[in-house]
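Asker: Each chain, letter by letter, is given below.
Protein chains: 2
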Amino acid sequence: MTTRAVPSMPSSVSPLAPKHVPDMPPVAGVRLATAQAGIRYKGRTDVLLALLDEGTAAAGVFTRSKCPSAPVEWCRANLKSAKSAKNFARALVVNSGNANAFTGKSGREATKATAQIAARSAGCKTGEVFLASTGVIGEPLDATKFAPVMDDLAARAREGDFLDAAKAIMTTDTFPKVSTATAKIGAAKVTICGIAKGAGMIAPDMATMLSFVFTDAAIAAPALQAMLKDGVANTFNAVTIDGDTSTSDTLMLFATGKANHPRIARASDPRLKAFKKALHDVLGNLSEQVARDGEGARKLVEISVEGAASNASARKIAMSIANSPLVKTAIAGEDANWGRVVMAVGKAGEPADRDKLSIWFGGIRVAHKGARDPSYDEAQVSAKMKEQVIPLKVALGMGKGRDRVLTCDLTKDYVAINGDYRS
Amino acid sequence: MTTRAVPSMPSSVSPLAPKHVPDMPPVAGVRLATAQAGIRYKGRTDVLLALLDEGTAAAGVFTRSKCPSAPVEWCRANLKSAKSAKNFARALVVNSGNANAFTGKSGREATKATAQIAARSAGCKTGEVFLASTGVIGEPLDATKFAPVMDDLAARAREGDFLDAAKAIMTTDTFPKVSTATAKIGAAKVTICGIAKGAGMIAPDMATMLSFVFTDAAIAAPALQAMLKDGVANTFNAVTIDGDTSTSDTLMLFATGKANHPRIARASDPRLKAFKKALHDVLGNLSEQVARDGEGARKLVEISVEGAASNASARKIAMSIANSPLVKTAIAGEDANWGRVVMAVGKAGEPADRDKLSIWFGGIRVAHKGARDPSYDEAQVSAKMKEQVIPLKVALGMGKGRDRVLTCDLTKDYVAINGDYRS
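Line by line, the protein sequences give chains A and B. Just so it is clear: in the first sequence, position 278 is 278 by my numbering, and no numbers are missing. Just so it is clear: in the second sequence, position 166 is 166 by my numbering, and no numbers are missing.
Simulated from the structure, these hints should not be mistaken for lab results. Be aware that a few hints might be false.
Put simply, identical chains are the same to the list, so a pair is met inside one copy or across any two.
To be verified - Below, a list of computed lysine-lysine pairs in the BS3-like style, where the Cα atoms sit at most 30 Å apart:
hint : residue 1 : residue 2
1    : 369       : 145
2    : 19        : 369
3    : 276       : 83
4    : 105       : 412
5    : 125       : 80
6    : 112       : 273
All values derive from a computational prediction rather than experimental measurement.
I would like the entire structure built from these sequences, with the hints used as guidance.
Answerer: Structure (structure tokens):
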């Protein structure tokens, strides 16, 4: 946390980046604008303003850190209870370059000042302004930098431009992350557009996974909140880069209600079936992009666990494998090292029996019932390990629990990005 | 786990290795010999036989892995209950090069065959033979390799030679680990000598922390077991390299009873006070050497947590910091990155209040009450971060819980050792 060169945008895009960026349609009731406020970076946008039409319902899930950032506390306070139908949003301000985390009293003052500036420009209450910050931890955020650009942002804001929005919230992400889907609610077609940034804690001192999803559907806040909570379990909460949890993780969902269908009050409403699936697709796609842009990542690893004592047990075992430095370095070395997978299963502390374990790399069973599978073809496995996407499956033989999580390999570039940046 | 070059002894000794190796006195009733059995390595010893005089009491603690190795299961079965006064040992056989872990039925057969070979050479029962193996996981261990060397080992075994013993059990450790202490029990002077090997899971496929401690004190097995359990909590259990738990971790304590004092039955006996301290010193010294030889380590990190809600809470927070890849890479980069320490405190899930946190690097307070300490001298902190031993202290302000754990930094060499070994 000592003085160092201001980071520039990373020069090379992750080899795991999606080959195609989707066309992002506008979402009625959502207007976007970005600006260069000069918070930390030079020559790039670092502030996003999203203006939301009156009546936009809001939902959010946040980091489980016991030491959350000031903006996370601000959003939580604005959202009131998960069952409140009065969670409305009119403006979202996101900045990159400074996370406003662990900044003490000045951090709380900065969030309040930022919300006041945005509320004035947007013509709304501060309680309808949501905030997120990503970047350096522990440096005071100078909220006065927002004042000169906010009125102009509000004046320029227009529908569409989700790709620009995604670019403004990047830190050392190597590509902007966007995703979109449509669904029918009754006869009405509704649109979902989401943006996200960066996995884990990114150098130098960069923190935070942020994602914002917008829809024109007319859905009350408690239903949105319930669907977001459900949707995140197997998407954003099933991705890990290094096991380190940001102080600032934020995922928000906004529904403007501009689509032409009656407002839906409950998440259990059967008319939401297609919407739920579309929302899940967007969350799954964005979270996979986060895994594909893990620091130094060269391989996407898809870990499936089946036959666990329960789904929760499968999740713990999958995360133990996904967060094991030894499994991740082996995959970086293109080594189907199932011994380390056994180690990671064993250390999870969940019910397991060594002699019932089977393990597959790239669809090829390499270990079976507690020992090396004598029938596997080593050359075939080695070829699979050279691919960019590595499926790793474990069958425990204990019960019916199953789960799937995504991670990436652990390369020397991860260490370089997070340790070698002193100038 | 595919074919690769046989590893040789590492060429460079860790910069954190102790500058002096202590003279290791003999322990009456303990005879040692080593041999080259050619299990995996060429041109070095890879088998240790320790012969223990009749009446030697034994105690052990083992990996918490749910998928332990066959030798761990063998030792656990031989030790019966922790309260049994009939836990006796006559022989210990340790091999390096193959961990006999995840080897299925053949693994159990190999342990039995090894114990039979050793029992025959030592003239004891197989239930008095203890085994440990370290090295490749998932490869069958060929127990027939022990037969040609065992009789000779038994014939050559003599008192002393702990340094040779420590060398025979190394895998990719960069230095042998020995420690010794003496204590008085009544008027008698007793000796404790211990050896240990390798932290975490060491390339290629090497696993396991092994440690064996010998004393001539006359102490019954249940008392030994109780003292070992107490002694390990703040020594071996307070060291982490990468958070990955071996399938084979084994720590055993043998007491031959040759010293000239009446046999002691209970760990609570006040005559054991000095012995307990000496045992703790040996365990602490060996476990610190393990941390100093972590894969790729360039810095020893001593993490102290105080003011936690409880000692258990302090341990969880200290381990969360010690296992955070982002904290460890920052220390490798000589960066006093307290923002990442906040992150690691927050993710531990234990009671914490961001605005009460204070953090010290190298004795210098860099953060106080939830924000950067305005008074610290950055040049002074930077100089401290260049040292080999980095004290990192966190004060939580929540209660009186405290703890201390040791770890090392995370360098590119760790990734190279664990990922780059394919030939």
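Asker: Next, verify each hint and record whether it holds.
Answerer: Now the hints, each set against the structure:
1. With identical chains, the CA atoms of residue 369 and residue 145 are at most 30 Å apart between copies only, with a shortest distance of 26 Å across copies and 62 Å within one.
2. Proximity of residue 19 to residue 369 under the C-alpha cut-off of 30 Å is found in neither arrangement, the shortest distances being 39 Å within a copy and 46 Å between copies.
3. Only within a single protomer do residue 276 and residue 83 lie at most 30 Å apart by alpha-carbon distance; the minimum there is 18 Å, versus 58 Å between protomers.
4. For the homomeric pair residue 105 and residue 412, neither the shortest alpha-carbon distance inside one copy (38 Å) nor that between copies (38 Å) is at most 30 Å.
5. In this homomeric assembly, residue 125 and residue 80 come within 30 Å of each other (Cα to Cα) only inside a single copy, at 15 Å, whereas the closest approach across copies is 70 Å.
6. Taking the closest pair of Cα atoms, residue 112 and residue 273 never come within 30 Å of each other, the shortest separation being 38 Å inside a single copy and 59 Å across copies.
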